[in-house]
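Which chain is which? The protein sequence lines are A and B, in order.
Numbers in the working numbering are just positions in the first sequence, counted from 1, shifted up by 74.
Numbers in the working numbering are just positions in the second sequence, counted from 1, shifted up by 74.
For the record, the hints were derived by calculation from the structure and aren't laboratory data.
Source: prediction; values computed, not measured.
For every residue, glycine included, the Cβ atom is placed at its ideal position computed from N, Cα and C.
Here are the simulated distance ranges between beta carbons:
no., chain 1, residue 1, chain 2, residue 2, range
1, B, D374, A, V223, 52 to 60 Å
2, A, V223, B, L327, 50 to 58 Å
3, A, K161, B, G178, 35 to 43 Å
4, B, K346, A, D423, 26 to 34 Å
Protein chains: 2
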Amino acid sequence: MKIAIAQINTTVGDLVGNTNKVVDCIKKAKKKKVDLVVFPELTITGYPPKDLLLKAKFINDNKKKLAKIIEETKNIAVVVGFVDKEKNKLYNAATFIKNKKLVGIQHKTHLPNYDVFDERRYFTSAKECKIFELGGHKIGISICEDIWVDNGPVDSQAADGANIIINVSASPFYINKTRIRRELISRRAKSNKVTIIYNNLVGGQDDLVFDGRSYVFNNKGKLIIEGKHFEEDFLIFDSERRYDRVKVNDDCLKEIFLALVLGIKDYVKKNKFKQVVVGLSGGIDSALVTVLAVHALGKDNVFGVSMPSIISSKGSLDDSKRLAQNLGINYKVIPIIGIINSYSETLLDEFKNTQPNIAEENIQARVRGNILMALSNKFNYLVLTTGNKSEFAVGYCTLYGDMVGGFAPISDVLKTLIYKLADYINNNYPNTIIPKSIILKEPSAELRVGQKDSDSLPRYEILDQVLKKYIEEGKNKKEIAHLGIDGSIIEEIVYKVDHNEFKRQQAALGIKITQKAFGSGRRMPITNLYRD
Amino acid sequence: MKIAIAQINTTVGDLVGNTNKVVDCIKKAKKKKVDLVVFPELTITGYPPKDLLLKAKFINDNKKKLAKIIEETKNIAVVVGFVDKEKNKLYNAATFIKNKKLVGIQHKTHLPNYDVFDERRYFTSAKECKIFELGGHKIGISICEDIWVDNGPVDSQAADGANIIINVSASPFYINKTRIRRELISRRAKSNKVTIIYNNLVGGQDDLVFDGRSYVFNNKGKLIIEGKHFEEDFLIFDSERRYDRVKVNDDCLKEIFLALVLGIKDYVKKNKFKQVVVGLSGGIDSALVTVLAVHALGKDNVFGVSMPSIISSKGSLDDSKRLAQNLGINYKVIPIIGIINSYSETLLDEFKNTQPNIAEENIQARVRGNILMALSNKFNYLVLTTGNKSEFAVGYCTLYGDMVGGFAPISDVLKTLIYKLADYINNNYPNTIIPKSIILKEPSAELRVGQKDSDSLPRYEILDQVLKKYIEEGKNKKEIAHLGIDGSIIEEIVYKVDHNEFKRQQAALGIKITQKAFGSGRRMPITNLYRD
Numbered sequence: 075m076k077i078a079i080a081q082i083n084t085t086v087g088d089l090v091g092n093t094n095k096v097v098d099c100i101k102k103a104k105k106k107k108v109d110l111v112v113f114p115e116l117t118i119t120g121y122p123p124k125d126l127l128l129k130a131k132f133i134n135d136n137k138k139k140l141a142k143i144i145e146e147t148k149n150i151a152v153v154v155g156f157v158d159k160e161k162n163k164l165y166n167a168a169t170f171i172k173n174k175k176l177v178g179i180q181h182k183t184h185l186p187n188y189d190v191f192d193e194r195r196y197f198t199s200a201k202e203c204k205i206f207e208l209g210g211h212k213i214g215i216s217i218c219e220d221i222w223v224d225n226g227p228v229d230s231q232a233a234d235g236a237n238i239i240i241n242v243s244a245s246p247f248y249i250n251k252t253r254i255r256r257e258l259i260s261r262r263a264k265s266n267k268v269t270i271i272y273n274n275l276v277g278g279q280d281d282l283v284f285d286g287r288s289y290v291f292n293n294k295g296k297l298i299i300e301g302k303h304f305e306e307d308f309l310i311f312d313s314e315r316r317y318d319r320v321k322v323n324d325d326c327l328k329e330i331f332l333a334l335v336l337g338i339k340d341y342v343k344k345n346k347f348k349q350v351v352v353g354l355s356g357g358i359d360s361a362l363v364t365v366l367a368v369h370a371l372g373k374d375n376v377f378g379v380s381m382p383s384i385i386s387s388k389g390s391l392d393d394s395k396r397l398a399q400n401l402g403i404n405y406k407v408i409p410i411i412g413i414i415n416s417y418s419e420t421l422l423d424e425f426k427n428t429q430p431n432i433a434e435e436n437i438q439a440r441v442r443g444n445i446l447m448a449l450s451n452k453f454n455y456l457v458l459t460t461g462n463k464s465e466f467a468v469g470y471c472t473l474y475g476d477m478v479g480g481f482a483p484i485s486d487v488l489k490t491l492i493y494k495l496a497d498y499i500n501n502n503y504p505n506t507i508i509p510k511s512i513i514l515k516e517p518s519a520e521l522r523v524g525q526k527d528s529d530s531l532p533r534y535e536i537l538d539q540v541l542k543k544y545i546e547e548g549k550n551k552k553e554i555a556h557l558g559i560d561g562s563i564i565e566e567i568v569y570k571v572d573h574n575e576f577k578r579q580q581a582a583l584g585i586k587i588t589q590k591a592f593g594s595g596r597r598m599p600i601t602n603l604y605r606d
Numbered sequence: 075m076k077i078a079i080a081q082i083n084t085t086v087g088d089l090v091g092n093t094n095k096v097v098d099c100i101k102k103a104k105k106k107k108v109d110l111v112v113f114p115e116l117t118i119t120g121y122p123p124k125d126l127l128l129k130a131k132f133i134n135d136n137k138k139k140l141a142k143i144i145e146e147t148k149n150i151a152v153v154v155g156f157v158d159k160e161k162n163k164l165y166n167a168a169t170f171i172k173n174k175k176l177v178g179i180q181h182k183t184h185l186p187n188y189d190v191f192d193e194r195r196y197f198t199s200a201k202e203c204k205i206f207e208l209g210g211h212k213i214g215i216s217i218c219e220d221i222w223v224d225n226g227p228v229d230s231q232a233a234d235g236a237n238i239i240i241n242v243s244a245s246p247f248y249i250n251k252t253r254i255r256r257e258l259i260s261r262r263a264k265s266n267k268v269t270i271i272y273n274n275l276v277g278g279q280d281d282l283v284f285d286g287r288s289y290v291f292n293n294k295g296k297l298i299i300e301g302k303h304f305e306e307d308f309l310i311f312d313s314e315r316r317y318d319r320v321k322v323n324d325d326c327l328k329e330i331f332l333a334l335v336l337g338i339k340d341y342v343k344k345n346k347f348k349q350v351v352v353g354l355s356g357g358i359d360s361a362l363v364t365v366l367a368v369h370a371l372g373k374d375n376v377f378g379v380s381m382p383s384i385i386s387s388k389g390s391l392d393d394s395k396r397l398a399q400n401l402g403i404n405y406k407v408i409p410i411i412g413i414i415n416s417y418s419e420t421l422l423d424e425f426k427n428t429q430p431n432i433a434e435e436n437i438q439a440r441v442r443g444n445i446l447m448a449l450s451n452k453f454n455y456l457v458l459t460t461g462n463k464s465e466f467a468v469g470y471c472t473l474y475g476d477m478v479g480g481f482a483p484i485s486d487v488l489k490t491l492i493y494k495l496a497d498y499i500n501n502n503y504p505n506t507i508i509p510k511s512i513i514l515k516e517p518s519a520e521l522r523v524g525q526k527d528s529d530s531l532p533r534y535e536i537l538d539q540v541l542k543k544y545i546e547e548g549k550n551k552k553e554i555a556h557l558g559i560d561g562s563i564i565e566e567i568v569y570k571v572d573h574n575e576f577k578r579q580q581a582a583l584g585i586k587i588t589q590k591a592f593g594s595g596r597r598m599p600i601t602n603l604y605r606d
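Could you build all of it, start to finish, from the sequences and the hints given here?
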């Protein structure tokens, strides 16, 4: 028996487009004499459809598309994900269709309701785990989370005689997830002595990147087929063939790089933009975002703008220019000195007898934000926000200033990781070199003369260690102190994180690459007097 | 037996402050010879604590506060809400404490996981519904949602012999909720022949306003005690006394007004601000927000700023000035003509050979936003955003422009309701009169010469009808067409709503007053190709 894994890139809400992709894959599968073709979780609606699921018409429309797909299954079997509705309850479901007949439907049993997942907001759990038969094989269908649970549906289906387990997934990327997923599925295949056909969605959807990398494990837990990472793929498993073990090759930085590139590409394209604009400060964050954008969209679709004030150093301007030249992107310099002066004059009366403070600094950041938005409004560029996770964590960023933009590609990337990514890019992509001077210079917001990030923040090596423990691992201050970092520094960082929820609540969407990103997976109250 | 309802205003995360309030109320109850005092849902942590619940130390700290409260219960019984943890599972719980002894704990059975609620993200459901005894009475404790469910815990406790049901709630306000809640509890009391002691939280917490208005219903379903609306209260029910039926007096506009005032007051105070600034455009939205702020914070804590450009009409400026005079607030005029001109000069080269469009219009809105934020950064004012629900719905607002601010008090108020609220205020509060010219003028963003809202939008009477159906009632286009509104108008409105998710995702928190507000209760994907 030949089973195809159609690792496709669906789009949330694009019932027509997603269905067309399914139909195309079925045709391809037929050509390749495949017996069964499998699609990722919630194929028809895209994942996660969120509150679209509360629209009755959306559910009906998705069912109509399923009917259309069934029509296309002459002489082939298909497992496709859709939203089922029975007695007014919704189910995250996958079909088993054979030769234009809907043989059965498997509902999802384990509904994730943590981090970015809200499935219990919408769905009801499966009441039973079924077995389907095809070509002498007994097949159990499971949906994403179902395979993550010990003594769960996969084990019960195996106990009921299944020799093949299909898992249709939409498992978002984070660092190291590939390894975790691979080990889990291998263990599940081995312990149950079943072949596992694992189809994972690929593509960017708002803050999530689904990384694909579908798998086939044999019934000894050996990886025998591996799909592409961060790209669509079409894999065929032949149950009559012998396979060697696939040699795995994890490259953490490469994965992060590809995740960020795909996240940008899909956000821009699926939202019908073509071009992006980035404010180039001369620092490493904007440099990295620009390089990622070039890899995602091509150099002709990326516009860099430097907006020097009297505080900006000549070095910063030169570096930005050199970066733009290295990348071959469109580049403009728009000095903001005149505008800043006009703000000073306008506010002269209001601000007399006050000391210069963050108000004056933020005006500069906000003027730059305004210019980027003016270019966006005039030329339909999407503004990419350049802030990193370390900054967002401690609020070292200006609301409506450097925080403006439709998408914040590196908002889940800690500063220390940004340097590693810059090195990775310079070592692997000679056409998009980030100038060394950008990498080597001391980080500065350049909002007042001589300002350095280190005036306001601990060294990034320290800051990032604490942030990782506090945000990603959920440790408290006492537990973090085990790192050997000065207690007052930990105190200050934790205070700043807790105190800047209001900024992050208004931040642009970013790409989740860690187990705990800011955004929909971290729901802290703004009004909150708890201090650990 | 005497039972007190301590209708208190807790703050999320303020374990110390909330516990102190509990202890004070216990002392007061003792003085009044009360046998049992009851507090609202999750008293110790405040509601909703959201992802604070994922911090193990937060849970431990909340348990320590419970121990402290138990110490204070000599010769009295107390029902207080807290987060229980058993075998690594969390429960939304209420205690039954008697004379310094924790007699028992009731967990919540029905965990709301819809709209703004995420309780299944954190909590496990109760396994049993208990009965406690006091002074010859049999008492069942239920928690919020538990009383909303037919054939739920209340019915089973009554069947098990309870003659008194206590419900500890954190039930947020929306229009008409008071009536719905009252009818529900009355029905529940009558059908089970039980006295119901209903304690509802009061206070603003981010986007939610809990309206208090606790109740006692007798076992015939008659309302016999009613707590204050939108204020703390301390009610005593004496089971030996006879009560007359309370005459209810619902006033929809008054309730909305009080909800908005309390929402502003608590957001500002709980976040440790004292003063707010509002940009006064001369229109009704900013006028209403300013009036609400005066009622919430006092006129000395409200700053109004007019920022005229060359497009602003003299009428607008005069109206703003008159409003400020009527209210007695601090008022400044900061003209932005110079700044706008400097933007034009700076962008001259970029914008040559282009037609003036939304880019130029938005620059004005964003300059105003910058000035408000500069005042905020300099003087520590919280900026109140003045946008209404109709605007946010169709994206008739400028990101980083009129959308700037820490809190958006009227972002769930449709434009047509804003006019009604203005009339309500003018009829009831002679000290905060909104000038008639503001109410009568045709709505305009004044971002280009002669601009009117009606150039871009259908009449608000039409727009709001469609928005109500589409957003609040979840109807589709076909269903909305039954209103008799032109299909192309409905089409346009629905398109705009769907298309502006990206703006709302970066909007300031607002106060929920309808069954479906934008914000945490409405989770739409931004990348979404579904068009109804």
